[in-house]
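Which chain is which? The protein sequence lines are A, B, C and D, in order.
Everything in the first sequence is counted per the numbering used here, starting at 2 for the first residue and increasing by one.
Everything in the second sequence is counted per the numbering used here, starting at 2 for the first residue and increasing by one.
Everything in the third sequence is counted per the numbering used here, starting at 2 for the first residue and increasing by one.
Everything in the fourth sequence is counted per the numbering used here, starting at 2 for the first residue and increasing by one.
No lab work stands behind these hints: they were computed from the structure.
Predicted model, so just to flag it, every value in this text is computed and none were measured.
Some clues are possibly wrong.
Identical copies carry no separate label here, and so any pair may be met within one copy or between two of them.
Derived DSSO-like pairs: lysine-lysine, alpha-carbon spacing no greater than 30 Å straight-line [what the hints assert, rightly or not]: (1) Lys161 with Lys284; (2) Lys161 with Lys187; (3) Lys284 with Lys187; (4) Lys161 with Lys190; (5) Lys284 with Lys190.
Number of protein chains: 4
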Amino acid sequence: MNSTVSGPVRLAMVGGGQGAFIGAVHRAAARLDGAWQLVAGAFSRDPDNCRQTGAELGLDPARCYASWEDLLVGEARMAPDQRAECVAVVTPNHLHFPIARAALEAGFHVMSDKPATRTLEEAEQLSEIVSRGQCLYGLTHTYLGYPMVAEARNLVASGKLGTVRKVYVEYLQGWLSGAAEAQGSKQAKWRTDPARSGAGGAIGDIGTHAFTLAEWVSGQSVVSLAAQLNTFVEGRLVDDDAAALLRFDGGASGVLVSSQVCTGEENGLQIRVYGDRGGLHWKQMDPEVLLYRSADGQARILRAGVDQPLGQLALSRCRTPSGHPQGYIEAFANLYRDFAAAIRAGEQRTAQRVPGIGMGLRGMQFVDGMIDSHAGNGRWVNIQQEDKQ
Amino acid sequence: MNSTVSGPVRLAMVGGGQGAFIGAVHRAAARLDGAWQLVAGAFSRDPDNCRQTGAELGLDPARCYASWEDLLVGEARMAPDQRAECVAVVTPNHLHFPIARAALEAGFHVMSDKPATRTLEEAEQLSEIVSRGQCLYGLTHTYLGYPMVAEARNLVASGKLGTVRKVYVEYLQGWLSGAAEAQGSKQAKWRTDPARSGAGGAIGDIGTHAFTLAEWVSGQSVVSLAAQLNTFVEGRLVDDDAAALLRFDGGASGVLVSSQVCTGEENGLQIRVYGDRGGLHWKQMDPEVLLYRSADGQARILRAGVDQPLGQLALSRCRTPSGHPQGYIEAFANLYRDFAAAIRAGEQRTAQRVPGIGMGLRGMQFVDGMIDSHAGNGRWVNIQQEDKQ
Amino acid sequence: MNSTVSGPVRLAMVGGGQGAFIGAVHRAAARLDGAWQLVAGAFSRDPDNCRQTGAELGLDPARCYASWEDLLVGEARMAPDQRAECVAVVTPNHLHFPIARAALEAGFHVMSDKPATRTLEEAEQLSEIVSRGQCLYGLTHTYLGYPMVAEARNLVASGKLGTVRKVYVEYLQGWLSGAAEAQGSKQAKWRTDPARSGAGGAIGDIGTHAFTLAEWVSGQSVVSLAAQLNTFVEGRLVDDDAAALLRFDGGASGVLVSSQVCTGEENGLQIRVYGDRGGLHWKQMDPEVLLYRSADGQARILRAGVDQPLGQLALSRCRTPSGHPQGYIEAFANLYRDFAAAIRAGEQRTAQRVPGIGMGLRGMQFVDGMIDSHAGNGRWVNIQQEDKQ
Amino acid sequence: MNSTVSGPVRLAMVGGGQGAFIGAVHRAAARLDGAWQLVAGAFSRDPDNCRQTGAELGLDPARCYASWEDLLVGEARMAPDQRAECVAVVTPNHLHFPIARAALEAGFHVMSDKPATRTLEEAEQLSEIVSRGQCLYGLTHTYLGYPMVAEARNLVASGKLGTVRKVYVEYLQGWLSGAAEAQGSKQAKWRTDPARSGAGGAIGDIGTHAFTLAEWVSGQSVVSLAAQLNTFVEGRLVDDDAAALLRFDGGASGVLVSSQVCTGEENGLQIRVYGDRGGLHWKQMDPEVLLYRSADGQARILRAGVDQPLGQLALSRCRTPSGHPQGYIEAFANLYRDFAAAIRAGEQRTAQRVPGIGMGLRGMQFVDGMIDSHAGNGRWVNIQQEDKQ
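Produce the complete structure using the sequences and hints provided.
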């Protein structure tokens, strides 16, 4: 990849037209630190939507493409110092794989929304493609971008919790408590359609976030799981609720819960980790706080902020002194900023500080394992990582 | 049972000598509303401890008995208007059954600490005994005595949550995170000794509380469960950690977690219930608050207090206006007060507002089911209530 | 005072008949630890109410007196080992003084609800009477009975906060936001009637609690204050809202707020104290928690419990391990227990661990100062303690 | 002012070089929504700092000016469709006035950090200048940019609280608890230097935020105040702590507290407002939540989010569904976005949704009033708005 050595990284976006949610978040995240410049887009299959979105974003109409295929071709033809360097993939899940594959093969870095792919097989293929190439692949597991999640990982890694024994992770939402997909919600429609979303419903949409958070914070990999999936809303084609018992390779055990029918819950992701020397608790809806309890009975409130005594990664993810709250968009922006830095630093395949295809693959192993276990009436299913070497 | 018609109920206590914890709580609970009078005790096998405890409590030395057997005999001999009417059983678990059985058969009401017995077989026998006799049997599942737990049950029963789909209940403690039983803790010693505690460790000690809470609040019975038990502390003879997936008879599914190795946790019992119309959340460590969320996005903070718009049972369990916190001892006292009232009202076998042998039996079915499922590598085990008619 | 050397202290109560609030709390508090025995009462001027209250409490009808005057006479006539040793005064404010005076002069210890008297002059007289006699005088400034208030005082006293600079104390309620006194509330009626309540409304009823808390925790005395009083509800004869700036003798400055028209507030008493080395925060409605922040950015959650590393006084005021919440009644009971212990220990005039007439006098100096300052359009008024030597 | 009709607004920044805090926040806020383009800067008197800051921001070196005077001259010379349209003033306080005045007179819109000026006289002059001209003047009272602050104002305005009686506002920080200005903190140095900061210390720096918040949310203006100022850190030339009693023109009374010596406090801005029908509570450190209590005892948790039933202004200031936290930078960005929209809409003098010189003037009246009152030993000082018509 022939990159210019400095300046904002030039970004093309696929998806994210009017009516979408996550595309606008990606754009805000990319803007926040001035490390990216949006130069092109294929925002929608609907040409009007695409054109109008591009116009609102101040893009050259010539670079608002009718399809992602056109975008890849069109951008590849441009001068190296003009063309997009990276493609952001913010479409429904089933398109993540074909677009990411094509973009990587055409020499573009890829920043993809999660899950990485619709199926485990695709994830394996994509992993292969990434490992063969030079381009960087990033996956926006947003919640790993929060400073206090980095600090949680740091507490565990530095031994403050001792040997980790328990991991409780949960992601509770309520917005699919009714049949939103039958009531005109575009978001609900594709997320409950296996052809676009994948075989997993809630487990793919939010369970993968919980799973990734559990592995990243605990520093342990899940070896096996025993699951129960439910579909509470009649006529729904995918799970809308799940729970699983977990066993980790470092000896910990855990419980993972993900549900989109917990009426009244908003975006209730939280994790608790306990070792023989201490415990920690982090909640996404109160993201600047990390509660740390040690065996001697001390409970401490650790807080995000550039002025706080935090680990290096957490600190690098703060922009303001403590007490000036940062949130979801900043967490997202942290991943974008680190991805831009990795591109400029000439890193290859995996940006060191950004979730990559490895996590994408794990996520799909998790989804597959959950479905397998459920089909086997909750039997323990192995989802061990094969190549942790 | 020949009761006097009014005045405080005369109580004899077995267990609760110096060095014990729960006996003192029972006594404070019994005192709080003036509905009980402690008249006799067999507080300890150690005669000095027994005598001294009795003296501190201002008891007639002649009624401080060397053993519970002596107590039953001695009290039975006294004049009907003098002798103890009820026996409080606050010993380690293995003695609950023989004492309760003998007391009931000798014509005393029984207020027993939980679990009801050490084994399921004993619980079944005790259930038989209670159902054959006239005396009342109460079980101090303390947490059911909190006003806002009653209100939680009321919200569900009154349809405010719609059809219940999910029940998450957890009870996390950290005090057995190290080998406390090897370091001189009397409490830890008997609780981790199967001969005294029963086959379940954490699941018996605190898991039964969580289980009972889940069934009582949700108004549904657990049909089957799939469990994982762990013993994290080396050399420990019982589980110190457990998790289970649950299926309820009303169609709900759930997760139950109980652990005594969650370092830094104090007495972390909490329950969340979600239906298709709303959800609720109650935490024992913030017991005056019940969070209620409805499907229309309203989150309301319901609070305990004699001046609050609560259901009848919840209200009867408040003593102060809202904002004047009540806690653990008051919850306990609510059960004692209601038990005294049931005795004075001439109720038989089961006091209407106090947990009874039915819950005790369910608790032991739960413990047995957990152990069975774990032995079967987490297979689903049926613990259906046979006689819900 | 000729006391028996052991056993529960015999208590007579004046006030606290049906329809009253605080009398029942005093009785529950007295019962909780078994250190008191209620033996007599003049619960109401209404003979039926008095008799019925006594009957419900199981008292000898002969010791349910028609008036407090009768009570003092009647009890004084009884045998020394039978008669009441202490009189609890739980009437409206204007009767506190005459009853306490007469009781003390008749050789009874007195446990009085606050404020000590209706006027400053009475408080000065009562202080004289106490200092001349042998009997103990206790004042139920309930909130000083909470363990974590004792710990707050301990943190300050032990230097953990450094030199105290700021004290923010507030007591917000909402129950007098409307004209409750015109709508049949007995509680509201006497509290807003200067003849019964004293010249202060909210400042007497709850402001004195806040003031006392501020002085006791900070370890400093208020030298002067500048106040604004308000009466928001039309036709009300006393203040229902107040705020004051404070100067303390140790160099601290502060703000005190007390209001009964903060619609929706329940019993919102809280205190924050800041020194050059740290700060603390305690809230009555979450009484088991004390938040401590040190200058190095550490925020720690200190919690009540017999198993917690607390100061000696705080520890003595815990009955349960942390996580088993104690509340308002236990705080109250701590004062009663300590007062009983002081009686049994033969302490004189002032029980060491119980608020006494000194605090009562300070409270009335505060009320007078507030009214003076307000009359002077908020000028600074000196309320310095004269005899702190 | 000759503006282009669409596209991002071109921004020049004065101040905000390396070592500054707020400049970077302004830039991030301006970037977030793509509504601004930074085109020029005079970031520092130190030419190296200025050049390097500009280079990092990707600016044309020719537009990195040695002084703000040069910037105004240089930009004015550029073609209308190239030159900066707006000047952001992010210097220490004493420069706000001369820069804003010159910029406005040169035909630039101005977005100024607060306080508007160093003295009340300057604020009056600036008000005159703004009212005579065509350019827009915006003042970044950040906290007014939070969605739930807008909702708080909306609740009051829509009558949900009834007649407002009480306003409690406080802003507590701890970072000046020690002599930071003597220990090399650049931030502390100018903020405690009256020549650069103005006569007010904490009252100017953060008290003005609290004051503005109180007036904006309550919908009432402060008529008079009675203040106490303190300087706790030896040698400090300005107040580091203050408290004031307030009277509002709508009949409310209030308390304002601002302190920078509350050890351990981070950025503790909060407001509570009570009317005869309800109360509200908002905390900056938990900014997505607005607690609303009505007289009927209902306590409701209102939350930010595009999917929430909020007023129109609050909604327009949300970017994400509820549960995806937004914070300080988003609040700031809301003001920048609204200011850009006002410029593009051709609004004049005052952007409708952005704090303007009116608030700036009020802020300086507040500072002056506080100092006057303190000098008069806390006497009530009138700060009534003269021209509210």
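* How would you label the pair Lys161, Lys190 (within, between, both, or neither) given a Cα cut-off of 30 Å? -> between (44 Å within a copy, 28 Å between copies)
* Asked: When no copy is named, should Lys284 and Lys187 be tagged within, between, both, or neither for a Cα gap of at most 30 Å?
  -> Result: close within a single copy only, 28 Å intra versus 35 Å inter.
* **Alpha-carbon proximity context of Lys161 and Lys187, limit 30 Å** => Between. Shortest inter-copy distance 29 Å satisfies the 30 Å Cα cut-off; intra-copy 45 Å does not.
* **Up to 30 Å CA-CA - Lys284 versus Lys161, copy category** => both (19 Å within a copy, 27 Å between copies)
* Intra- versus inter-copy proximity for Lys190 and Lys284 (alpha-carbon distance at most 30 Å) -> within (28 Å within a copy, 35 Å between copies)
Taken one by one, the earlier hints all hold for this structure without exception.
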